[in-house]
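So the sequences go chain by chain: W and H. Residue numbers for the first sequence follow this note's numbering, beginning at 4 and rising by one. Residue numbers for the second sequence follow this note's numbering, beginning at 755 and rising by one.
Source of the hints: derived by calculation from the structure; they are not laboratory data. Virtual Cβ for every residue (Gly too), placed ideally from N, Cα, C. There's no promise every hint is true.
[Unchecked claim] Chain W regions said to be covered by chain H (calculated; three or more residues, Cβ under 8 Å):
hint	stretch
1	103-114
2	142-148
3	182-189
The primary structure of each chain is shown beneath.
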Amino acid sequence: MTEFSTADPASARAHARSMAGTRVEAMPTVPASAAEDRPDGVAPQAMLWAETIAPGGYAAKRLNRGARLRLIDLKGDACVSMLVFNAERPVERLNVADTQKVQWNAYLGAGSLLLSDMGKVLMSILEDTAGAHDAFCGASNAASNARKYGVGDNWGPHPNARDRFMLGVAKFGLGRKDVHPCVNWFKGVWIASDGATRFDATPQAPGRQLTLRAEMDVIVVLANCPHVLDPRSDYAVTPARVLAWRGEPTPPDDPIRNATPEGLRAFQNVEEDLAR
Amino acid sequence: MPDLGAVVRDEVVPARAPWTAEVKAGQTLRIVDLEGNQAVDFLMYAAEDDAERYSAQDTIAAQGALFLREGSVLMSNEGRPMAVVTATAVDYHDTIGGACSCESNTLRYGHHTKSQHACVENFLQGNARYGRGKRDMVSNINWFMNVPVEADGALGIVDGISAPGLFVDIRAEMDLVVVVSNCPQINNPCNGFRPTPVRMVIAG
Numbered sequence: 004m005t006e007f008s009t010a011d012p013a014s015a016r017a018h019a020r021s022m023a024g025t026r027v028e029a030m031p032t033v034p035a036s037a038a039e040d041r042p043d044g045v046a047p048q049a050m051l052w053a054e055t056i057a058p059g060g061y062a063a064k065r066l067n068r069g070a071r072l073r074l075i076d077l078k079g080d081a082c083v084s085m086l087v088f089n090a091e092r093p094v095e096r097l098n099v100a101d102t103q104k105v106q107w108n109a110y111l112g113a114g115s116l117l118l119s120d121m122g123k124v125l126m127s128i129l130e131d132t133a134g135a136h137d138a139f140c141g142a143s144n145a146a147s148n149a150r151k152y153g154v155g156d157n158w159g160p161h162p163n164a165r166d167r168f169m170l171g172v173a174k175f176g177l178g179r180k181d182v183h184p185c186v187n188w189f190k191g192v193w194i195a196s197d198g199a200t201r202f203d204a205t206p207q208a209p210g211r212q213l214t215l216r217a218e219m220d221v222i223v224v225l226a227n228c229p230h231v232l233d234p235r236s237d238y239a240v241t242p243a244r245v246l247a248w249r250g251e252p253t254p255p256d257d258p259i260r261n262a263t264p265e266g267l268r269a270f271q272n273v274e275e276d277l278a279r
Numbered sequence: 755m756p757d758l759g760a761v762v763r764d765e766v767v768p769a770r771a772p773w774t775a776e777v778k779a780g781q782t783l784r785i786v787d788l789e790g791n792q793a794v795d796f797l798m799y800a801a802e803d804d805a806e807r808y809s810a811q812d813t814i815a816a817q818g819a820l821f822l823r824e825g826s827v828l829m830s831n832e833g834r835p836m837a838v839v840t841a842t843a844v845d846y847h848d849t850i851g852g853a854c855s856c857e858s859n860t861l862r863y864g865h866h867t868k869s870q871h872a873c874v875e876n877f878l879q880g881n882a883r884y885g886r887g888k889r890d891m892v893s894n895i896n897w898f899m900n901v902p903v904e905a906d907g908a909l910g911i912v913d914g915i916s917a918p919g920l921f922v923d924i925r926a927e928m929d930l931v932v933v934v935s936n937c938p939q940i941n942n943p944c945n946g947f948r949p950t951p952v953r954m955v956i957a958g
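So that you can see chain H by itself, here it is in the shape it has in the complex (with noise of 0.2 Å):
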């Protein structure tokens, strides 16, 4: 793994939890995977004005393709660039696949899942500390998980492609708040069936 300079932060999220940091222009976040195949579900707000998030349509569209890898520039939704890609063991990430949440799960898998935890409360709860709510949410990226798209168009949460101590590195752009849902979702193989602890760090 790169050097990533001085460290500020650098903790553990518990699996099924949510996480929020705020990281300043010219920092790096540090996401690893430690137990393998853990999606990491990933939001992102200009530090002043959380108007301008993450886009993930605009992320696609400016570098004409889905996949994040290393080099993906990841854009706001006025077009301007929040981060970088700098590093990552992992061939591509996630930006299509969305978060779940408690409704979608009653869509996807029944309605039996409705009380099971999922992304968008980590995401409610994450927001709600900064006076953000529901609005606030858009298409996120979802960190080591893996999402084809077939020729006809078909597409699916399948097998993850990521690994024990895999990471990604992304360098903030401008100074940004995170939030993040360690994804607790148990119906489908994004997170191997048994969602997993993550390592966060900040640095430089």
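Bound conformation, chain W alone (with noise of 0.2 Å):
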């Protein structure tokens, strides 16, 4: 860079323009359909979004129904917290609570439903190779970074994934009070017969992957922060890879749509709200 000048416009222009190209290990590939890493069988005009999302990044998209997003845990210690919003109406949101309760199960897998607080589905989970998530436990904040890294904040070297989802949200027009429970992907929570939540930080093999199916236009909101259990002294967490691709709605006959009868009703209420 160090042979451009920059002292008039024209220099500066050529000096911003020599940049192209540039390609560095979080960053969106742009159009997606150039990605080297397309999933088998999608073509390459049907995908939407490839992106790799730094540790302590964020990225936020608005993906139509029945669009499939994949995240890949590329080197075992990434973990991917997640808002949903209806995209149509962005008041209608991820509910963990819901998502819990109504599936009688508060751990997360392949053919798990993400449920909106309005009786509706907004995502199904279609495959889980990981198998360790988390629905209690949150977002860090810049309270808990601080303490644990020094500052916390979006301008600094150790971001929390609460500030990270109010700049993604915020994209979107929305606020801080838009900041919803989220759930925690690659990064398990269990929980003992006395309540006790137990965490492991232990990073696992690179490329765990979850694969989950757009049941409504929604938007989903990324932040790749270390876990707000994690005992790590260090800012651990490792870059996240995010492939969308389109796909048709699910059918009447899809086995997850049918798996139970509260879910089968989640799909059905999304079904009506659809009618026009």
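Put the two chains together into one complex; each comes in its own frame, and the hints tell you how they fit.
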């Protein structure tokens, strides 16, 4: 870069333009069809999103009904926290309490539904090779990160998930009040019989992945920060890969749609809402 | 029951009704389960900035446990202590079960329950007078409600462990606005299938 003058607009423009094409680890691939790690069987033109989220980074995206969203723990130590909103009416959003209560189970995995606060299914989990997630402990915040790492704010080296969420939702016109209780992917919290939380921070094999299907048009907001219970004193988190592609809306005979009476009604409530 | 000092408010919330209160830092809110096993759905907001509110997830993470017991610190979404459970005659209370809503009732029990009154309706009504709305709904506390989690993750609202006259004392650590739904649910055992009144005392 040092060969460029930036003393006048033309040379400053030449300098700025010379940066194009730079590749770093954490960046979006635009267009997504050019992603080298496109999933098997997915046509280039079906790709909607391909991005690597840095340790401490975040990303947000609107996905249409039927879209598939794959999260990949590239190096085995990602912690992807997620918010989900109904894109058409963002005042409808993920409700973790209803998600657990309606499904009569605390642990999310393949076949689980992410339910809204309006009795509807936002997304379903098609595939999960991690088997370790958390819907109990929520996002880290500025105070918890400050205690562990020093500065925990967005402008420093140790961003917290809650403040990352705040930026992500802001880009869709939403604010602090819209940062709702979240789910954390790739870091497991299990509950002992006395109610104690048991957290496992051990890094896992690279490449664990989770594939979700949007059951309505959604906005997803992702933050990749160390889990709030992570006991390690260093800011231990590795990059996460995000891939999304077009897919067909869930058909009536879909096994996940029909797996439980509660879940079926959550799909039916979506279908009723979308009948126009 | 511990002596709470000078009583500021002492009232009975009818079965199925909402209730709101301002509780100043240092004051204690005592909730009395008058007839036993009556779930009291509970949210609170920082009076100074209501974007700061109770966070079940921060509370669970901070104490490393699901159940709210004597000594539990109730945390905000900004990671600050909002209140402390200073005393309770019940072994533990719930903060993972959420609030019943007309909409979730359709999933859990069927569409015939859509028209039944629900806690979210009470929360929305209680919050409306403060200018708050649906985006202010977050995971709440359910005093006197029992939601165990089994080894395989199985979870559910089961028979309560409270009894007539048992109580919980919650001391505010900051100025709070408290919004309560005296739960009207009749399709699960959280109210023993019979919603009943509860007593609210603010003192100190």
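Hint-by-hint comparison with the structure:
no.	hint	result
1	103-114	holds (count 7)
2	142-148	holds (count 5)
3	182-189	holds (count 4)
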